[in-house]
Structures are given as structure tokens and as C-alpha cells.
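Student: Following the hints, complete the assembly by docking chain B onto the known chain A.
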Amino acid sequence: MNITVCIKQVPGTAEVEIDEKTGVLKRNPIDAKMNPYDLYAIETAVRLKEEKNAVVKVITMGPPYAKAVIKEAYMMGADEGCLLTDRKFAGADVLATAYALSQGITRMGDFDLIICGKMTTDGDTAQVGPEIAEYLQIPHVSNVRRIHEINEKSIIVEMDMAESVEIQEVQLPCLITVEKDIYQPRLPSFKLKLKTANRPVQIITFKDLDDKNVMHYGLYGSPTQVLRIFPPEPNTTSEHWEGDGEELGEKLAEKLKELKFV
Amino acid sequence: MAKIIVHQDAIKDRKEVVKVCPFFALEYENDELILNAACKMCNICVKRLPEVFEYVEDTLPEIDKNAWRGIAVYIDHIEGNIHPVSLELIGKAKEMAVRIDHPVYCLVMGDKVHDMAEELLHYGADEVFIYDKPQLYDFRIEPYTAVFENFINRVKPTIVLVGGTTVGRSLAPRVAARFRTGLTADCTTLDVQENTDLDQIRPAYGGNIMAHIHTPNHRPQFATVRYKIFNSPERSETKSGKLTSCSISDEFLISKINVIEIKKKEKLKSIEEADVIVVAGHALRKEEDLSMINELADMLGGMVATTRPLIEAGWTDPRMQIGLSGRTVKPKLIITCGVSGAIQFVAGMNSAEMIIAINSDPKAQIFDVAHYAIIGDIYEVIPRLIEKLKEFKD
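Protein chains in written order, with the working numbering: chain A, 111 to 372; chain B, 32 to 425.
Looking at chain A on its own, in the form it has when it is part of the complex (with noise of 0.2 Å):
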């Protein structure tokens, strides 16, 4: 069985800061991570190969320095690991994003269970694991917190809904996004870093995928556009409410009604 994890590499802080003059982000000596989602996704690839004897294969696309990332999955199990670097990739929004590691995947091998962490840290959308579904023309379950089985032809998982919990038995091969509350990912392994130093990080680039339309990577494969990035508002609202108990009383339920938690 061969398992492919989507990881990325995010800044090492959510604390960014704008100029508020020039509205640009504040250069900080941004240092940068595993998406802490994606480490609870690889922690459930590993583990079904623990149990299923499977190939465990992750991919990220990003810039040269994104190889890192690939290099901490397989202190935690990895056994391939695939870093998709092009120029032509830069500035992509979700649809050319999903779309890159689409072409990626393909071009990686045979995959029965693609697995996705819920969300990246930066980006914050959700979005990429079902757009790579669409694009593999495979079924997908978003926010899955369980799996209860697995074997060759299907996977039965519990997904999380607001009030319900849904198990759903998906024919392989399809793509998962898994919660945090799955499995508790495993510290990385000093002894597999030693084993897997030299293991080497297979590159692909734009001429290694199949389509090789350059209007659908990167910038001019991104329907959306950033027009602009401002601080948000701080939540300056402070107000003392004095006088007779009641009164206070039926003025906070007022207030809780028009601040929409009743």
C-alpha cells in the first residue's frame, strides 16, 4: 500500500507585524517549520504502516530551503520523500497550489491513501487537500478523527461534523484530512535522523510533470489575488457598566443578544 502525505513548511511564528505607513510585512527573522497540522498527518501515515506494511511517501512544493520539512518526516517515518521547486510555481494561490502537487503526486508513483493535515498555520484555508481530490478525480472526507479500518480496497473513517460524527467506508484510492485529535504525532527519531541522513530528496521541477501549460502554475494559474495586507483592528471596546443590579442584568442579556451569542 503506498500512502502519500501532503506537508508544508510554514514561518516558525504566527506573530507577524505590518507597517502601518507602508502597509508591508515587518521583516523578523522568520524562521520556519513543519505546519504543525501536517505532523499529526504524517503521525497517521506512519502508523498505518506500522500496521499495514505501507510505503509511506511525502511531498511539499515550495523553495530549496523547503527540503527541511522532508527531512524531519523521515526522522518520523517517512520512507520517500519528493520536493516540488520551481519558479514557475511561485506565487500560486490554493488552485495552482493544489494543482502543482497534483501534477506532483502523479508523478511520484502509485498512491492508495493521500492524507493531508486539516489546515496550514499560515494560510489558514482548508482548502488544498479536497482541491487535490478534485483535480486526482478521487473521493475525499474532510476532517476525519478516526480510522477505524483499512485494507486494500477501502477505509472506513469517522468524520467530524459540528454535532454528529459520520462514518463513511471510502473506496481506495481517495484523500483524507485528518484532525488534530487523531493520533499524538511522535517526537523525531535521533536514531532515524542518523539512518536517513543521506537518504536523498527526490526534486521535481515545472519540465518533470506531465502538463507542462505554464497558465496553470503559479501566478497565472491563481484566480485569487492579494490587492492588499493590513493589520487587523484591535479589539479596543471597553466599557464599565455601573448601577442597580437588574438593570445590569437585562443590559448584559441585550448586549449577549446583539453580540449574537443568544
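Mixed in with the good hints, there may be bad ones.
As the list claims (entries may be wrong) - From the derived model, a few chain B residues whose C-beta atoms are all more than 12 Å from chain A:
1. A98
2. V144
3. L152
4. I161
5. N184
6. S276
7. E343
8. A378
As the list claims (entries may be wrong) - Below, in silico cross-link-like pairs of lysine-lysine (BS3-like), each with a Cα-Cα straight-line distance of 30 Å or less:
9. K421/B - K370/A
10. K370/A - K294/B
11. K295/B - K290/A
12. K287/B - K159/A
13. K370/A - K125/B
14. K96/B - K322/A
15. K367/A - K125/B
16. K143/A - K34/B
17. K270/B - K164/B
18. K363/B - K361/A
19. K71/B - K177/A
20. K125/B - K273/B
21. K143/A - K361/B
22. K322/A - K34/B
23. K164/B - K263/A
24. K361/B - K370/A
25. K270/B - K367/A
26. K259/B - K370/A
27. K361/B - K361/A
28. K421/B - K365/A
29. K419/B - K361/A
30. K71/B - K34/B
31. K78/B - K143/A
32. K263/A - K296/B
33. K50/B - K34/B
34. K181/A - K71/B
35. K71/B - K96/B
Said to hold, decoys possible - Computed list of chain B residues with no C-beta within reach of chain A, every gap over 10 Å:
36. R45
37. I113
38. M127
39. H133
Treat the hints as calculated values from the structure; they're not laboratory data. Yeah, the Cβ is synthetic: ideal placement off N, Cα and C, and Gly gets one too.
Tutor: The following block gives chain B in isolation, referenced to the frame of chain A:
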């Protein structure tokens, strides 16, 4: 379509210029400065060093925006009840539709959903499209996507709004990818321009920055919005608009997913997961008075938490404690009842989105972090608050 051109001759300091980009997207390749795959087209380089970096727009064939008309809302529903986020989106759609003189459409899919669809006519939809099939009883991605596709091909709406529910967040990207168009997730502000371009504002980086996004040359424009971002329109007594039943061939409703069981979810277990928290503080005189706090939390669909003195008194479970020696919470709403606000406590809750503090001591430290400081006795304020909330429910 735009790109950034690097004027190599204008580079003064070859080492320093690379640092202009916070995303490490600038590097040298064969002695030439290039933008690598990390480029996010944020234009920071252009703003900082306009002599080196130039932003240019190529003109691409433009799509015919007039061929796409109407603002469509996907109606999410749970067990035959319309999800309130869908009504909020109808309200927003109407507001925008007036500006560009477009109709508001609703898309309802499911099994035996006719009555529910009819209800939407009380909220101002111009036309409600219904796909009523037994195969649509459970949410399964392929049939739902196929129906959505059928609807878009039939109606050609310029904007499609989807609630940011579990279903919506799974379905919207799938459909957007099928149409090779843009989708902006979790928008907090939406507006429409005269040329029907949708202005979308959403938080990114965990809410640390806001991004203004548009989809200038693709239709339809997809956006998802979370529950309780926009206001729900008033239900009018009279109906307006019309219902249209749509058919779709069974071959499009085949799925590789089999829903085995739907279980009710067990109640939230930890206070870290709660959206609403009511905290009992040491102004509480006796253990029995906790019932008042419990009742308030129930009314708001939240959980009860406490401070250390109450744990030590043995009145509450240690798992309910907020603070440095307890849990750290970040709910949408926290109401502290008779909590003084020692620093150890505040550190565990001061990143809550909305803090309402009730305390009879006007100098209580908790008021320093509260958005609403209510100076009063919890034994007077809370019973009346509960009474009033009950009135709203009825």
C-alpha cells in the same frame, strides 16, 4: 496577470538586496537575481526598492463578466433544519445584489427538502433551486459536487457564497476546483464592485494579518464565510420569489462513499474546546450557588470553569481550572462571575475574544482586561440575566 521584473543593473548591494524579501524568495542563479518558488507576489520588494523591482501587468484575454449573473447561496442543513449561516449569507447576498441589480439564488440539495426550500422564500431569495433525491440524503462529496456543478452550469451565477461549516468547507473547494476558479475561505468582509468583482477580506496567519483578495478574471467567484459573521435577515410573514425543481440524472449521483452510521457527538470534554465559558469566582458564597453559574452556561451553550479557590474548596473538578496552574483558554466569549482577576488567572484567559467581567469591586483587577466591566453583585445581576435570556428563547 502580473509579474515582478528584476532590473539587474539597478542592484547596488548584492548582499543587502536579498534581504528585502521576508519570505527568502530572492536568490542568485548564474549570477542573476531571481524570484524563486517562495515568492508570494506580496510586492514588498517593489515597495522597498522600486528601482530594482518592477511590477508589471500583462493583459490576458478578459472573460465576459456579463455572461454571469446572480448571487447564489448554498443552503446547508442539518436534520431538516436550515443552518443559520445560510440565512446570514442570504442577507449578505441581498445587500450586494441590490448594488449590482442582480437576483439572489439559493441552492438546496438533499432528500425531501421541499418544505425547507419553501421556508427560504420568507427571507427574500428570488429563486430557490431544489435538487431532491434520495441519494442526497447523506452528505457525500461526489454527488453533492455533481449537483453543484449542474446548478452552476444552469444558472451561471457571478458569486457563490457557502457557509464555513464542515460540509461547506469540504464542498466549496471541490466545486471551485472543478470550475478552475478562485475561492476565498473564511471571509469576514464582503462587498461587490459595479463590474461584479467581489471584494473579499479574510484573516491569515492566525488572524495576525488581514488580506484583501479579489478574483478579477474568473467566474463564478467562490467565498466561504463562518457562522455568526454576518447578520441574519428578519423573516418576513409573506413569501416572495419562486421555487424551481431541478432534475439530475442518477449516473451523476454515484458515490464511492458509503455512510455506515451517524452518531450524535459526545459533549465537549475540556474547557479548551469551548466557545463560551462562564467562570465561577470566589464571590460565590456556597457550593449550591454553582447551579446558577451552570444554568447561565447552559443558556449560552457554554461550559463552566473556575478559579483556584473553588478547586481548593473541593467544589469543582481541577480540570475546570483556568490559569497558570490550570488550563489556558481562548474562547469566543468568557463571562467571569465574581472573579477578582489575579495575574495567575488572567494569564490563562486574556486572549479570549470577548471578556465580560461581573464583580462588585470597582477596583477588581479583572476589569483591566475586560471589554465589558460590569460593576455589580453577581447575586443580583445573574438571576435577572438568566430570566431575560429565557424570555429571548421563548
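Student: Give a verdict on every hint.
Tutor: Hint check results:
Listed as a non-interface residue, A98/B keeps its Cβ farther than 12 Å from every Cβ of chain A; the least gap is roughly 16 Å. Every beta carbon of chain A lies more than 12 Å from that of V144/B, the smallest distance being close to 18 Å; the non-interface claim holds. Residue placement check: L152/B keeps its beta carbon more than 12 Å from all beta carbons of chain A (closest about 24 Å). Interface exclusion of I161/B from chain A stands, the closest Cβ pair being 23 Å apart, more than 12 Å.
No beta-carbon of chain A comes within 12 Å of the beta-carbon of N184/B; the shortest separation is about 16 Å. Against the 12 Å criterion, S276/B stays outside the reach of chain A, whose nearest CB is about 27 Å from its own CB. The Cβ of E343/B sits about 28 Å from the closest Cβ of chain A, beyond the 12 Å cut-off, so the non-interface label holds. No Cβ of chain A comes within 12 Å of the Cβ of A378/B; the nearest lies about 18 Å off, and the non-interface call holds.
For the hint pairing K421/B with K370/A, the CA-to-CA distance comes to about 15 Å; that is within 30 Å, so the pair holds. A hinted pair counts as satisfied when its Cα atoms are at most 30 Å apart, and K370/A with K294/B qualifies at roughly 28 Å. For a cut-off of 30 Å, the pair hint linking K295/B to K290/A stands: about 20 Å separates their Cα positions. Straight-line distance between C-alpha atoms of K287/B and K159/A comes to about 24 Å, which keeps the hinted pair within the 30 Å bound.
The hinted pair formed by K370/A and K125/B meets the criterion: a straight-line CA distance of about 20 Å does not exceed 30 Å. With a CA separation close to 28 Å, the supplied pair K96/B and K322/A stays within the 30 Å bound. This hinted pair checks out: K367/A and K125/B have alpha carbons roughly 23 Å apart, not beyond 30 Å. Taking the CA atoms of K143/A and K34/B, the gap is near 28 Å; set against the 30 Å cutoff, the hint holds.
Between the alpha carbons of K270/B and K164/B the distance comes to roughly 25 Å, so the proposed pair stays at or under 30 Å and holds. Taking the CA atoms of K363/B and K361/A, the gap is about 20 Å. The hint holds against a cut of 30 Å. For the suggested pair K71/B and K177/A, the alpha carbons sit about 18 Å apart, so the restraint of at most 30 Å is met. The straight-line distance between the Cα atoms of K125/B and K273/B is roughly 15 Å, inside the 30 Å bound, and the hint therefore holds.
For the given pair, K143/A sits about 24 Å from K361/B by alpha-carbon distance, which is consistent with the 30 Å threshold. Only pairs whose Cα atoms come within 30 Å are accepted, and K322/A paired with K34/B is accepted, the gap being roughly 19 Å. Taking the CA atoms of K164/B and K263/A, the gap is near 28 Å; set against the 30 Å cutoff, the hint holds. Restraint check: the Cα-Cα separation between K361/B and K370/A comes to about 18 Å, which is no more than 30 Å; the hinted pair holds.
A distance of roughly 26 Å separates the Cα atoms of K270/B and K367/A; the hinted pair therefore holds under the 30 Å criterion. Taken as a hint, the K259/B and K370/A pair is honoured in the structure, with Cα atoms around 7 Å apart against an allowance of 30 Å. Between K361/B and K361/A the alpha-carbon distance is near 25 Å, which keeps this suggested pair within the 30 Å criterion. Under the criterion of a C-alpha separation no larger than 30 Å, the hint pairing K421/B with K365/A is consistent with the structure, at around 14 Å.
Simply put, K419/B and K361/A have alpha-carbon atoms about 9 Å apart, close enough for the 30 Å limit, and the pair holds. For the given pair, K71/B sits about 11 Å from K34/B by alpha-carbon distance, which is consistent with the 30 Å threshold. Distance hint between K78/B and K143/A is fulfilled; the C-alpha atoms sit about 27 Å from each other, no more than 30 Å. A C-alpha spacing of about 28 Å is found between K263/A and K296/B, which places the hinted pair at or below 30 Å, so the restraint holds.
The suggested pairing of K50/B with K34/B holds, with an alpha-carbon distance near 20 Å, which does not exceed 30 Å. A distance of roughly 24 Å separates the Cα atoms of K181/A and K71/B; the hinted pair therefore holds under the 30 Å criterion. In summary, the hint linking K71/B to K96/B is supported, as the alpha carbons are separated by about 27 Å, within the 30 Å threshold. The non-interface label for R45/B is consistent with chain A: the shortest C-beta to C-beta separation is roughly 18 Å, beyond 10 Å.
Against the 10 Å criterion, I113/B stays outside the reach of chain A, whose nearest CB is about 14 Å from its own CB. With a cut of 10 Å on Cβ distances, M127/B stays outside the contact zone with chain A, its closest approach being about 18 Å. For H133/B, the non-interface assignment is confirmed: its Cβ lies about 20 Å from the closest Cβ of chain A, beyond the 10 Å cut-off.
Violated hints: none; the structure is consistent with every hint.
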